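Turn these sequences into a full structure, and let the hints steer you where they fit.
Each chain is listed here by its residues.
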Amino acid sequence: MTENLVDIRNLNVRFSGARTVHAINDLTLTLKQGETMALLGESGSGKSVTLKTLLRLLPPKRSHIDGNIVVNGVDVLTLSGKKLQAYRGEEVSMVFQEPGLALDPVYTVGDQIAESVMRHKGVRKDEALSTALDMLRRVRIPSPERRLHNYPHELSGGMLQRVMIALALACRPRLLLADEPTTALDATVQIQILLLLRDLQKEFGMGVIFVTHDIGVAVEVSERIAVMYAGQIVEEGTTREIIKDPRHPYTRGLLAANLHDAARGARLNAIPGAPPPLDTRPDACSFAPRCPLAEPQCLAALPPVHSPNDRRRVACIHPNAPILAE
Amino acid sequence: MSKTETLADTQPDKGGPAQPLLIVRNLQKYFPVRGGIFGGKKAVVQAVDGVSFEVKKGETLGIVGESGCGKSTTARLLIGLLDKDKGEIIYDGQDLGGTLSLRELRRGVQMVFQDSYASLNPRLTIEASIAFGARIQGLSDPVGRARKLMERVGLAPDRFAQRYPHEVSGGQRQRINIARALAMSPRLVVLDEAVSALDKSVEAQVLNLLADLRREFGLTYIFISHDLNVVRYISDRILVMYLGEVVEIAPVDDIWTSQAHPYTRSLFSAMPSMDPDNRTKEPPLAGDPPNPINPPSGCRFHTRCRFSEDVCKAKVPLLHPLTAGSDHLAACHLHDISSGHSKAGKDVFE
Ligand SMILES: Nc1ncnc2c1ncn2[C@@H]1O[C@H](COP(=O)(O)OP(=O)(O)O)[C@@H](O)[C@H]1O
Ligand SMILES: Nc1ncnc2c1ncn2[C@@H]1O[C@H](COP(=O)(O)OP(=O)(O)O)[C@@H](O)[C@H]1O
Ligand code: SF4
Ligand SMILES: [Mg+2]
Ligand SMILES: [Mg+2]
Numbered sequence: 001m002t003e004n005l006v007d008i009r010n011l012n013v014r015f016s017g018a019r020t021v022h023a024i025n026d027l028t029l030t031l032k033q034g035e036t037m038a039l040l041g042e043s044g045s046g047k048s049v050t051l052k053t054l055l056r057l058l059p060p061k062r063s064h065i066d067g068n069i070v071v072n073g074v075d076v077l078t079l080s081g082k083k084l085q086a087y088r089g090e091e092v093s094m095v096f097q098e099p100g101l102a103l104d105p106v107y108t109v110g111d112q113i114a115e116s117v118m119r120h121k122g123v124r125k126d127e128a129l130s131t132a133l134d135m136l137r138r139v140r141i142p143s144p145e146r147r148l149h150n151y152p153h154e155l156s157g158g159m160l161q162r163v164m165i166a167l168a169l170a171c172r173p174r175l176l177l178a179d180e181p182t183t184a185l186d187a188t189v190q191i192q193i194l195l196l197l198r199d200l201q202k203e204f205g206m207g208v209i210f211v212t213h214d215i216g217v218a219v220e221v222s223e224r225i226a227v228m229y230a231g232q233i234v235e236e237g238t239t240r241e242i243i244k245d246p247r248h249p250y251t252r253g254l255l256a257a258n259l260h261d262a263a264r265g266a267r268l269n270a271i272p273g274a275p276p277p278l279d280t281r282p283d284a285c286s287f288a289p290r291c292p293l294a295e296p297q298c299l300a301a302l303p304p305v306h307s308p309n310d311r312r313r314v315a316c317i318h319p320n321a322p323i324l325a326e
Numbered sequence: 001m002s003k004t005e006t007l008a009d010t011q012p013d014k015g016g017p018a019q020p021l022l023i024v025r026n027l028q029k030y031f032p033v034r035g036g037i038f039g040g041k042k043a044v045v046q047a048v049d050g051v052s053f054e055v056k057k058g059e060t061l062g063i064v065g066e067s068g069c070g071k072s073t074t075a076r077l078l079i080g081l082l083d084k085d086k087g088e089i090i091y092d093g094q095d096l097g098g099t100l101s102l103r104e105l106r107r108g109v110q111m112v113f114q115d116s117y118a119s120l121n122p123r124l125t126i127e128a129s130i131a132f133g134a135r136i137q138g139l140s141d142p143v144g145r146a147r148k149l150m151e152r153v154g155l156a157p158d159r160f161a162q163r164y165p166h167e168v169s170g171g172q173r174q175r176i177n178i179a180r181a182l183a184m185s186p187r188l189v190v191l192d193e194a195v196s197a198l199d200k201s202v203e204a205q206v207l208n209l210l211a212d213l214r215r216e217f218g219l220t221y222i223f224i225s226h227d228l229n230v231v232r233y234i235s236d237r238i239l240v241m242y243l244g245e246v247v248e249i250a251p252v253d254d255i256w257t258s259q260a261h262p263y264t265r266s267l268f269s270a271m272p273s274m275d276p277d278n279r280t281k282e283p284p285l286a287g288d289p290p291n292p293i294n295p296p297s298g299c300r301f302h303t304r305c306r307f308s309e310d311v312c313k314a315k316v317p318l319l320h321p322l323t324a325g326s327d328h329l330a331a332c333h334l335h336d337i338s339s340g341h342s343k344a345g346k347d348v349f350e
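Line order of the protein sequences matches chains A and B.
First residue of the first sequence: 1, per the UniProt record's numbering; consecutive thereafter.
First residue of the second sequence: 1, per the UniProt record's numbering; consecutive thereafter.
Treat the hints as calculated values from the structure; they're not laboratory data.
Worth double-checking, as some hints may not be accurate.
Unchecked claim - Cut-off 20 Å, straight-line C-alpha distance, at most; resulting in silico cross-link-like pairs (EDC-like, lysine to aspartate or glutamate):
#1 B/K281 with A/E203
#2 A/K121 with A/E154
#3 B/K281 with A/D199
What the hints assert, rightly or not - Computed footprint of chain A on chain B; a stretch qualifies when at least three of its residues, placed anywhere within it, have a C-beta under 8 Å from a C-beta of chain A:
#4 191–204
#5 228–240
#6 282–295
As the list claims (entries may be wrong) - Not the full set, but computed from the structure, chain B residues with beta-carbon under 7 Å of chain A:
#7 T10
#8 D13
#9 P17
#10 P165
#11 S169
#12 N208
#13 L209
#14 S266
#15 M274
#16 R279
From a predicted model like this one, the values you see are computed outputs, not experimental measurements.
Just so you know, even glycine gets a beta-carbon here, dropped at the ideal spot from N, CA and C.
The following block contains the structure:
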């Protein structure tokens, strides 16, 4: 167990308020040191909530969390005060879809990176600034000396995301959480950032949980994929297993909907309907109402988790169903 | 054979089958903007600059390109939401501003936007929203028409007619927008990132719907998207824009197998790999697209193109067929033997 960088056991997250939302339902997930895992799922499936829970960013009054989260030996859900601050930034950091929201418009990017380094590493300003410069170089920002003195609004979208990554990695966290960091970028910029993250992961050796709704993005960055639906992981495996041998009907539907191999003009084998409301805790297969293979038992109880090998799992009564030739 | 059932009150065809439904020539739209990076000076965004293309009756033309390249501005010009600075828009043989009035154009050309919230009035019921345009245009029985269309786009009128836009999902709102466009009995529908905000599984449902409607009503589409897979799936031809200009147009299969313009090539190579054993090794381009304020001289792509030579900075490459009579067009000096580019006419991508 100690070899796991991240160990999430039976996590449940429920929001109360005007509406009750069972955002995460019995989620179990492990990540080994230095591993990159993609959390793949459509909007509302609970990807961001999973990351925010890991970073303890949820509003305490309205969120009800139970389960266990251990990151690098630290019991995350009991952290508070200074320890929580140290955990955020030193152990774990995050990059978001909108770097504009995470960066402060009134400080130069150099000062922001340096400030974070001073706070977490207790070094002097000049040393922190040289770390900042080194980080800008590592994220391959051209003319980094000059860029150090730029304000966020002076940078393009791709540059901002590089700065965000530099800021996130400046304190050498063991775990990087990335929440759709390339979704707002153009295609030719997105691929640059994906390959940069892939290289930096190798260079720094941190574990990465990369949230995305785009299968192609997951393929480019991750060695493992966990597919989320209605706050649960419905399938997990190596990227190769998920792409070449998807087992869960939802994963198969997602792959088909990517359209990369759809015959032009042919009718798409679309998943009907929409994801379920999350106002009650699921007590059956959440995908059953949309599933072409559903049977009465799928609506009667939670599906068993089939685990053909160590870290491969499929939450479906048909884990071995042949792939339908359409 | 597909049966073509026309929407009630569709405008009659004027030009005959050989007449393109839409011809756009040298369309231009510049936006004056304040200061920008040039301090106090007035700057100009060259959002659409000399764009020309045709859309045949019944075809789907896909338009791709990165954000800011002028796709939406082109779309807005086509439906008269923006005034053009220059150029011609010829709809079924009739010149906008000449024989064709804006009102007539708007009957024939409808648009569906990406943001399904912003384009619907939150205070109108779904039924009223769909009936609205038809009523304004004085078409008969707007409510009956709205209910029929709701049925057709998969929104049961009994369940949805009296609900409001915020009470339904994104996919359902996009169905409303499609019904609303069709209520005007258009012949051409411009879909600007119409499925881009939807989740993949819902997107596939809406794409099926769009394909069915096109067939049933004999529609012509201009389909704008940043997702090449989606564009390939739905389009007959693809038009690629870069910084306000058209750099390539070709039938889908041609452009999918061989992109002629170096930018198109890069754009296609930037698509994430779907093969874990064969991931992308090098990003095809470095940096972000340049600013359309003060775009590069000559070929606007020359600042990022690995084949750029002096001629590319000096001379604007014109859009022309790769070989005489070909329907594959590109605007690059590599494809013009007389351009003076040292690699002109050679297969540089090997
Ligand atoms: N702070 C919150 N309060 C109430 N509901 C929330 C909150 N944050 C997220 N949710 C709900 O939790 C579910 C999962 O959201 P999220 O994790 O953001 O999905 P995604 O997979 O798109 O990132 C959604 O139904 C969302 O509306
Ligand atoms: N109303 C406007 N005023 C000023 N600039 C605009 C306006 N509309 C669009 N632009 C600019 O014109 C360029 C093209 O924009 P747009 O047509 O929306 O591109 P796309 O749809 O391809 O992303 C962009 O640089 C954009 O900022
Ligand atoms: S004209 Fe020159 S710079 Fe432009 S795409 Fe062709 S080779 Fe590249
Ligand atoms: Mg999210
Ligand atoms: Mg646009």
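How the hints compare with the structure:
At most 20 Å may separate the alpha-carbon atoms for a hinted pair to count; B/K281 and A/E203 meet this at roughly 16 Å. Only pairs whose Cα atoms come within 20 Å are accepted, and A/K121 paired with A/E154 is rejected, the gap being roughly 28 Å. Under the criterion of a C-alpha separation no larger than 20 Å, the hint pairing B/K281 with A/D199 is consistent with the structure, at around 11 Å. Counting residues of the stretch 191–204 of chain B whose C-beta sits closer than 8 Å to any C-beta of chain A gives 6, which meets the bar of three, so the coverage hint holds.
Check on the stretch 228–240 of chain B: 6 of its residues sit with their Cβ under 8 Å from a Cβ of chain A, so the three-residue criterion for coverage holds. Here the stretch 282–295 of chain B counts 8 residues with a CB under 8 Å from a CB of chain A, which clears the bar of 3, and the coverage holds. For B/T10, the suggested interface contact is broken, since its CB lies about 23 Å from the closest CB of chain A, more than 7 Å. Against a cut-off of 7 Å between C-beta atoms, the interface hint on B/D13 is violated, since the closest Cβ of chain A lies about 24 Å away.
This hint is violated: B/P17 has a C-beta 20 Å from the nearest C-beta of chain A, more than the 7 Å allowed. Because the closest C-beta pair between B/P165 and chain A is about 16 Å apart, greater than 7 Å, the hint is violated. A cut of 7 Å between beta carbons decides the hint on B/S169: the least distance to chain A is about 6 Å, and the hint holds. For B/N208, the interface hint holds, since its Cβ comes within 7 Å of a Cβ in chain A; the closest pair sits about 5 Å apart.
A cut of 7 Å between beta carbons decides the hint on B/L209: the least distance to chain A is about 10 Å, and the hint is violated. Taking 7 Å as the C-beta contact cut-off toward chain A, the hint placing B/S266 at the interface holds, the least distance being around 6 Å. Interface hint status for B/M274: upheld, as the beta-carbon distance to the closest one in chain A is roughly 5 Å, under 7 Å. Checking B/R279 against chain A: minimum C-beta separation of about 6 Å stays under 7 Å; hint holds.
The structure shown violates the earlier hints numbered 2, 7, 8, 9, 10 and 13.
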